Amino acid sequence: MPSVKEIVQTMEYGVAPEANAEVLRWLDARESFGHFIGGAFVPGADGESFAVENPATGEVLAHCAQGTEADVDAAVQAARRAFPAWSGLPGHARARYLYALARLLQKRERFFSVLETMDNGKPIRESRDIDIPLVVRHFYHHAGWAELVESEFPGKGPVGVCGQIVPWNFPLLMLAWKVAPALAAGNTVVLKPAEFTPLTALAFAGLCQEAGLPDGVVNIVTGDGETGALIVRHPDVDKIAFTGSTEVGRMIREASAGSGKKLSLELGGKSPFIVFDDADLDSAVEGVVDAIWFNQGQVCCAGSRLLVQESVAARFVEKLKARAEKLRVGDPLDKSTDIGAIVADVQLQRINALVDEGRGDGVDCWQSSAPLPNNGSYFPPTLFTGVSPASKLAQEEIFGPVLVVMTFRTPDEATMLANNSRYGLAASVWSENINVAMDLAAGLKAGVVWVNCTNMFDAAAGFGGYRESGFGREGGREGLHEYLAGKPAKPARKPLFPKPDFSAAPAARTAGSAADNTIPALDRTAKLYIGGKQVRPDAGASYAVRTADGSLVSQAGLGNRKDIRNAVEAANKATGWGGNAGHNRAQVLFYLAENLEARAAEFAARIAHLTGSGQEEAIEEVHLSVQRLSYYAAFADKYDGRVHATRARHVTLAMNEPWGTVGVCCPDDSPLLGFVSMIAPLIAMGNRCVAVPSQVHPLVATDFYQVLDTSDVPGGALNIITGEREALARVLAEHHDVSALWYCGTPEGAAAVEKASSGNLKATWALDQTAIDWRDPAQGAGREFLRRATQVKNIWVPYGE
Amino acid sequence: MAASVTMFEQLPRNPGTALKLALVEDQRANLSAIERRAASLPARRSLKKEWQAAWLLRAIGLIDLTTLSGDDTPERVRRLCAKARNALREDLCIALGLSEPVHTGAVCVYPTMVATAVKALASTGIPVASVATGFPAGLMPLKLRLEEIRYCVGEGAAEIDIVVNRALIFAQDWPALYDEVRQMRDACGDAHMKTILATGDLKTLRNVARASMVCMMAGADFIKTSTGKEPVNATLPVGLVMTRAIRAYEEETGFMVGFKPAGGISSAKDALVWMAMMKEELGRRWLEPDLFRFGASSLLGDIERQIEHFVTGRYSAAMRHAVA
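Sequences listed follow chains Z and V, in order. Numbering follows numbering that gives the first Met the number 0, in which position 762 of the first sequence is assigned residue number 761; successive positions increment by one, without gaps. Numbering follows numbering that gives the first Met the number 0, in which position 25 of the second sequence is assigned residue number 24; successive positions increment by one, without gaps.
Each hint should be verified, as a subset may be incorrect.
Cross-link-like lysine-lysine pairs, in silico, DSS-like; alpha carbons within 25 Å at most [as the list claims (entries may be wrong)]:
(1) Z/K4 x V/K82
(2) Z/K106 x Z/K391
(3) V/K202 x V/K82
(4) Z/K261 x Z/K155
(5) Z/K4 x V/K48
(6) Z/K493 x Z/K261
(7) Z/K325 x V/K278
(8) V/K142 x V/K228
(9) Z/K498 x Z/K754
(10) Z/K325 x V/K228
(11) Z/K532 x Z/K486
(12) Z/K4 x V/K142
(13) Z/K334 x V/K278
(14) V/K278 x Z/K4
(15) V/K202 x Z/K334
(16) Z/K486 x Z/K261
(17) Z/K572 x Z/K532
(18) Z/K4 x V/K202
(19) V/K268 x Z/K325
(20) Z/K572 x Z/K498
(21) V/K228 x V/K47
(22) V/K228 x V/K202
(23) V/K118 x V/K82
(24) Z/K334 x V/K48
(25) Z/K561 x Z/K261
(26) V/K228 x Z/K318
(27) Z/K754 x Z/K561
(28) Z/K261 x Z/K320
(29) Z/K637 x Z/K155
(30) V/K19 x Z/K318
(31) Z/K334 x V/K118
(32) Z/K4 x Z/K526
(33) Z/K572 x Z/K526
(34) V/K142 x V/K82
(35) Z/K320 x V/K278
(36) V/K19 x V/K202
(37) V/K268 x V/K278
(38) Z/K486 x Z/K155
(39) Z/K325 x V/K47
No lab work stands behind these hints: they were computed from the structure. Keep in mind it's a predicted model, so treat the numbers as computed, not measured.
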């Protein structure tokens, strides 16, 4: 050790290790961990275990049980048994438990911080000052929601047993994000921590015992991806919440398709960090440090793509390199460490492979000269300049302390480059000009936008992605929805319609209806409606449309995948619709209602003729459709976002944004009301629709073209493709440029849609057509439709001069 | 440890530059982002044991031991000087392995006390700093303010802590501010000039950044936060803005300008945070007395207590250390 006299010249920082004796004692007393099921630690069913290492040293910290089918089943059963009593507790009682958990965590904050750092490799400063305080905050916040959930979400209740799978980058924080809202809403959980980092979850289990949480409310099963898959597939799990890679998210989407399980996914990202020439550059440099060199860059929302305005790019990169040189890489338990260990050797190898491949791309790779420890998994701060969007480095999530730098010239170009990604988790914008900053914030396809800040989190704000970064939000009011379900009175199941004959061959009239000698009605040709124009189906094919009693009425266009392609292209071009003020969209919807009403008798006659319903029922359907258009017209400028109460001197705007292009597959029945009830909330919120109307009674929708034409609906805002619903639904579900899909049809169709949607992980909403009475406004209309028609973007704007 | 002897070469004085308005107006300071950085700084670097003791020892050599009170008397100033010369108890110096007494970076007094201090510090090498230019408000005619500088220099002050005319900053009248400070620098002659921005009066960090830049262009050797008389003194956010301005000025001109936070820094822990900030933002070189000073009166006492704790393992008491 150098002497004081020597240090006073070198002015080095020296070592400042955080004590970990308490944690070591705790680990020593537990050589191997079992699962936490039904309020007790139990050994794994088949005795298999895996070693958990400290990535900073390679030392084995503990052995944990590898969860098997029997373990998962026992945990789900325990959760199921606990559910009635837990969900039946008054909210105030659940609040007391959550409050106790928050308090206990706070009282043991250092223990959890040290354990987290040893298990994960993150610097103690981060676990101590960021992770654990956010965990505590999350439990406090949701203790509050437990208190309020009943009064604030009338008509909603818990989902049931939630299967929750969390990643290794923020082990306890991700547990908190999952467990706190689930418990607050009255659910019980089976949680699987990541196999690299299960220890704080197991310590948390001890805390649940300490808090006296009823047995089975929280169950923790350890294991690898296999164990996770068992949870996803378990038939008695009602909801899956997953945070992790997009790849695994996709598998979960497919595995849970058609199961009826509620699903929320927080997946990967390649988030842009955008610096304008009028930014406080030194502060923006610190922002980059917090964006990509926080938690070794192992952050789903890490600002890993730096976009700098050309005029300041060279200066900014120089500043950044100088700053990165100051970062200390080393022992995570040292209080002066900035960058700790990569979570596991396999991850380190992955980063190395991607970086080596990147070097080959002919770009400039800079790494800080900070010495790395000899043992353990470490990677230096790394910066790639001269990267083009086409480079793999700019596209793929590296999940390490590796930043790629690109430049832009104008705000438009910044937005374009930022949005040039399959992901859409977060973005950071730096400018001292509020016009520039807010313009970018509005245009970025990201669930979270930080203005002049980055990686800001708070329990009161929603967090979650656009695009392939997943769907659903965690935190705040919007996050609670993921753990709530509607509890409508089950309507009587309606009979199924026979599937139409989609043959393109000439069809016979109904048997016995011989041609008479009267002059035939003038033949009408129902086409498709794409981009505001009636177009013939690509295949040049039509199918016979019959009344309920089987007599031939006419033909409808038999849409195919190319028609869907054309319709989606038309919809994607109609960007002006979502950019309109809500007032303008309201005007168009009111006008639609007006023009539909003007032709009410005609539509009613058509419905009665086609469906065989009585005239009165048909008149009611038209009347309700007019009413529904009017209802959503009214909402077009009233479904407001919120300002979340996060931190002091911050405005956190939760904006409801349209998805973009949404596919809509309508039920067989209620050919007008079902169609209107689905498209009206979507277009009211600014989405563009590609709708497949009732495949049995498509002519009601094709009659609707004329109403659209006379109501100032801009071309492309609503496109209608008639034909076989299941076939067209599949094309829509697979289409990478369709952002969301509403499907009302059969359970098999729903399963197919959900499975096919995994390609771009579009949000789907599947409804059983036999279970909805569209006439009932409690089932066929309401805020839930608007919530499903939008995604929430949280924009953080700190202020002060 | 003699403050004047360092392992580094003597730096050329900042001669100043022409007023570059574009560079002044280009200064930006985002309050929230700067506050976040300031909030994380103390937690990012931790100093323990030998390292803490060494850093505190260095801190002593960076202190402008100050008395700026209406009740100052020559006797009081002599006491201060005596403390400046023997800033750390002898047994503690020995325990730290030092062969010479430890002294502070300078003493800082009012103009009428300069002669007393100079005499009291004769042959110690400890410079005497004097406030001037109508300290603390600076609201005297320019002619008198300049004359006051010349008086202090004539009395033997090696360093002059001037205050800037805040009205010119509120008016964003950078040419006028530049012109005044330029004249003050000329009046200082060979004495080093520290320009006090009175950041507590300026309110916005953008004002602080711009005024810092103008003062450096006008030839400031140091920029200093506060007189100690404003309601808010040296804060870390202000310190960050000023150190970043120093960095920007060096990038622009190649000249290194010193920094002096003053007022409100009274604990050893605070001192370490400020020093870590200098090392992180500007580098090791800014931990030398020719580029960094603390304006402080009670800081030394706490440092002595902490060093005694390091040496003995027991928490110390103020009465065990000589007062100024």
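Each hint tested on the structure:
no.	hint	result
1	Z/K4 x V/K82	holds (22 Å)
2	Z/K106 x Z/K391	violated (45 Å)
3	V/K202 x V/K82	violated (35 Å)
4	Z/K261 x Z/K155	holds (14 Å)
5	Z/K4 x V/K48	holds (13 Å)
6	Z/K493 x Z/K261	holds (24 Å)
7	Z/K325 x V/K278	holds (9 Å)
8	V/K142 x V/K228	holds (23 Å)
9	Z/K498 x Z/K754	holds (22 Å)
10	Z/K325 x V/K228	violated (35 Å)
11	Z/K532 x Z/K486	violated (41 Å)
12	Z/K4 x V/K142	violated (48 Å)
13	Z/K334 x V/K278	holds (17 Å)
14	V/K278 x Z/K4	holds (19 Å)
15	V/K202 x Z/K334	violated (33 Å)
16	Z/K486 x Z/K261	holds (14 Å)
17	Z/K572 x Z/K532	holds (14 Å)
18	Z/K4 x V/K202	violated (41 Å)
19	V/K268 x Z/K325	holds (21 Å)
20	Z/K572 x Z/K498	violated (34 Å)
21	V/K228 x V/K47	violated (33 Å)
22	V/K228 x V/K202	holds (15 Å)
23	V/K118 x V/K82	holds (14 Å)
24	Z/K334 x V/K48	holds (13 Å)
25	Z/K561 x Z/K261	violated (32 Å)
26	V/K228 x Z/K318	violated (35 Å)
27	Z/K754 x Z/K561	holds (21 Å)
28	Z/K261 x Z/K320	violated (45 Å)
29	Z/K637 x Z/K155	holds (22 Å)
30	V/K19 x Z/K318	holds (21 Å)
31	Z/K334 x V/K118	violated (46 Å)
32	Z/K4 x Z/K526	violated (90 Å)
33	Z/K572 x Z/K526	holds (21 Å)
34	V/K142 x V/K82	violated (35 Å)
35	Z/K320 x V/K278	holds (16 Å)
36	V/K19 x V/K202	holds (23 Å)
37	V/K268 x V/K278	holds (15 Å)
38	Z/K486 x Z/K155	holds (6 Å)
39	Z/K325 x V/K47	holds (19 Å)
Consistency with the previously given hints fails for numbers 2, 3, 10, 11, 12, 15, 18, 20, 21, 25, 26, 28, 31, 32, 34, ordered from lowest to highest.
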